[in-house]
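With chain Y's structure known, arrange chain P on it following the hints.
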Amino acid sequence: MQDKTHSSYKQLEQKSKYTNMFLRWFLYFVLVIFALYFIFPLYVMVVTSLKTMEEIRQGTLLTWPSGLNFDSWLVAWGGRGYGAGDTFLKPYFWNSIKMVVPAVFFSTFIGAMAGYVLTKWRFKGDKWVFLFLLFGCFIPYQAILLPMARTLGVLGISNSVIGLVLVHTVYGIPFTTLFFRNFYVSIPSELVKAARIDGAGFFKIFFKILLPVSTPIIVVTIIWQFTQIWNDFLFGSTFSFGEAAPIQVALNNMVLSSTSVKEYNVDMASAIIAGIPTLIVYVLAGKYFIRGLTSGAVKG
Amino acid sequence: MKTLKIEELSKNFGSTEVLRKINLEIDEGNFLVLLGPSGCGKSTLLNIIAGLETINEGNVHIDDYNVSKVEPKDRNIAMVFQSYALYPSMNVRENMIFGLKQAKVSKEKIEEQLEKVSKFLQVDALLERKPSQLSGGQRQRVAIGRALVREPRIFLFDEPLSNLDAKLRVEMRREIKKLHQQLKTTVVYVTHDQTEAMSLGTNIAIMNHGVIQQNDTPENIYNKPSNTFVADFIGSPSMNLIKGNLKESSNKVSFVTHGSNIEIPINGYDFKEKSNLDNKEVFFGIRPEHIFFKKSNEEDFEINLRADLSEYIGHEQIMTFNFENQEVLAKFPSTVKIDLSKNTKLFFDLTQISLFDAKTEERI
Chain Y
1 MQDKTHSSYK QLEQKSKYTN MFLRWFLYFV LVIFALYFIF PLYVMVVTSL
51 KTMEEIRQGT LLTWPSGLNF DSWLVAWGGR GYGAGDTFLK PYFWNSIKMV
101 VPAVFFSTFI GAMAGYVLTK WRFKGDKWVF LFLLFGCFIP YQAILLPMAR
151 TLGVLGISNS VIGLVLVHTV YGIPFTTLFF RNFYVSIPSE LVKAARIDGA
201 GFFKIFFKIL LPVSTPIIVV TIIWQFTQIW NDFLFGSTFS FGEAAPIQVA
251 LNNMVLSSTS VKEYNVDMAS AIIAGIPTLI VYVLAGKYFI RGLTSGAVKG
Chain P
1 MKTLKIEELS KNFGSTEVLR KINLEIDEGN FLVLLGPSGC GKSTLLNIIA
51 GLETINEGNV HIDDYNVSKV EPKDRNIAMV FQSYALYPSM NVRENMIFGL
101 KQAKVSKEKI EEQLEKVSKF LQVDALLERK PSQLSGGQRQ RVAIGRALVR
151 EPRIFLFDEP LSNLDAKLRV EMRREIKKLH QQLKTTVVYV THDQTEAMSL
201 GTNIAIMNHG VIQQNDTPEN IYNKPSNTFV ADFIGSPSMN LIKGNLKESS
251 NKVSFVTHGS NIEIPINGYD FKEKSNLDNK EVFFGIRPEH IFFKKSNEED
301 FEINLRADLS EYIGHEQIMT FNFENQEVLA KFPSTVKIDL SKNTKLFFDL
351 TQISLFDAKT EERI
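Here the protein sequences come in this chain order: Y and P.
Numbering of the first sequence is given in the numbering used here, commencing with residue 1 and proceeding in unit increments.
Numbering of the second sequence is given in the numbering used here, commencing with residue 1 and proceeding in unit increments.
It is worth saying that the hints were derived from the structure and are not from the lab.
Just so you know, even glycine gets a beta-carbon here, dropped at the ideal spot from N, CA and C.
Among the hints, a few may not be true.
In silico DSBU-like cross-links for lysine-lysine, where the CA-CA straight-line distance does not exceed 30 Å [unchecked claim]: (1) P:K359 / P:K337; (2) P:K109 / P:K130; (3) P:K73 / Y:K204; (4) Y:K204 / P:K69; (5) P:K107 / Y:K208; (6) Y:K208 / P:K119; (7) Y:K208 / P:K101; (8) Y:K10 / Y:K127.
Label pairs and their in silico Cβ distance ranges [claimed, not checked]: (9) P:R20 / Y:F203: 35 to 45 Å; (10) Y:A143 / P:R129: 44 to 54 Å; (11) P:S260 / Y:D126: 55 to 65 Å; (12) P:F13 / Y:I144: 36 to 46 Å.
Under 10 Å between C-beta atoms, here's a sample of chain P residues computed to sit facing chain Y [what the hints assert, rightly or not]: (13) I77; (14) S249; (15) F292.
Chain Y extracted, bound-state conformation:
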């Protein structure tokens, strides 16, 4: 073995210090590039929505607006006030809320129930049931359009918010079940055994014992389902039209159907309005999500 002197160690120490410093700066550099890349479209949208059409025509994409001008936001939300052909987001926004709240609630609840049964009340063929449910995750949206349209027709709820709630609930169940199953697998079955000896039944065990510790996975599921359903365009445009349409469909109609001049500022404001609820869910629920993970609520 080579005998290293004190000074050669010093040299090596210096060298690794410089290498580390370089790598650190390089890392920051890459991160900043990515951050700019991701923030750029949002910047363009916000800036454009605050400009007047005059400004848009004269300036470039990146020019700062002359002032805070929320006119286009008001138009996007509430319309211009004249009658026919005036499309604005307000009614469709409420359509979407009416669709997304029950759909998220039911799909999450059913998924939690199914995950509970699949992990804690094993029955013959439960593996197959789970496999088929998993299969549901891989079925492309397009494949269920026709059968679903027929089903909605038979049930008499096509072109209604209720119909969309049903579609999104059904389509969401495989995902929510998968989430909850994987979460409940990690919760000791001894809890269920203890509760059974204590005399609790199927529902009592679910509501009193499992559901209270499920906060993290409930939040994950809500984020996932909310984003999916709120941002969905295909189901919305296929199974609804006119007044029953959700916001994404209305946004599309608004942007594409304007016959006169393209109002970029209104389009941008509409797009942002359509995206805000998802953002809010992320910000609010994300906090609870992290809290749920760190509170050690799962390990008893």
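Same frame as chain Y, now just chain P:
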């Protein structure tokens, strides 16, 4: 009246047989330990007693009443689990009274029970805490408390100490022993730890491959193992099983190992059946703690063996000797100096030996 009686019980999961024709009885107030390696079916048996698993064949009786098809909550049992299984969202009080509330016991009675048990287990200061705010030992106590408030006929313990660290485990073991001495409730206790089994049980049922190998008092399990599995499973290090043959001439039996001319006389041995012994292939079983480095009584058999290995473990040392190419282990105080690779005079205490048929591996 037997507190618990299990008859001809069999259980399989699909095509795997987990329990085979189990018969078991416990008298009132006894402490039965189900002991065995992992996968031997002991936990399944406990779950069946609790009613958490179904039965394929056979019956379970509690107080002479056939409970085979009775719900867990109606069996008059309480169970303590390995992971404690405290309800994470409830505090200690709610955890302990959950069962009583389900059973619609009156409020006053619940409070009375809670106070009595929590005082008894010294958890009365912890009642408002969540399980996540308790230490391992405290959780264990609360889990026991949750079982106690139900005043069950039978306590079921499923490896309750294996999640605790070594020191706490010994403490909790003593507490469980004390608890049993005070309450005198019948207990069925599952463990894979032989020290726990020996120190707690009034009876031990050793299981392997879904069959009870021996159900006996700790003394008999240790001194008279009924087959080589039990002999090997109990004791640390386990019993030396030296292969050889029996020799019978003029009513004197002796043991000779292959390739040796040393004859070990088998005089005072209590044979189950004293016939056809000559030339029988057997295992000669002697525990490491029954081999001495100096004569302790007149009947001790003197033998010269080569020392191969010494393992120092503090208060004692485990020596490995060579006996005609079979390993023989002995336990000596660590102060004794024995030279390795040299022949050493040893003394076998022949009053403590066991003999097993080499073919059936049963005690003879």
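Now the hints, each set against the structure:
no., hint, verdict
1, P:K359 / P:K337, "violated, 38 Å"
2, P:K109 / P:K130, "holds, 23 Å"
3, P:K73 / Y:K204, "holds, 14 Å"
4, Y:K204 / P:K69, "holds, 22 Å"
5, P:K107 / Y:K208, "holds, 20 Å"
6, Y:K208 / P:K119, "holds, 27 Å"
7, Y:K208 / P:K101, "holds, 13 Å"
8, Y:K10 / Y:K127, "violated, 62 Å"
9, P:R20 / Y:F203: 35 to 45 Å, "holds, 37 Å"
10, Y:A143 / P:R129: 44 to 54 Å, "holds, 52 Å"
11, P:S260 / Y:D126: 55 to 65 Å, "holds, 60 Å"
12, P:F13 / Y:I144: 36 to 46 Å, "holds, 37 Å"
13, I77, "holds, 7 Å"
14, S249, "violated, 60 Å"
15, F292, "violated, 47 Å"
Checked against the numbered hints above, the structure violates hints 1, 8, 14, 15; every other hint is satisfied.
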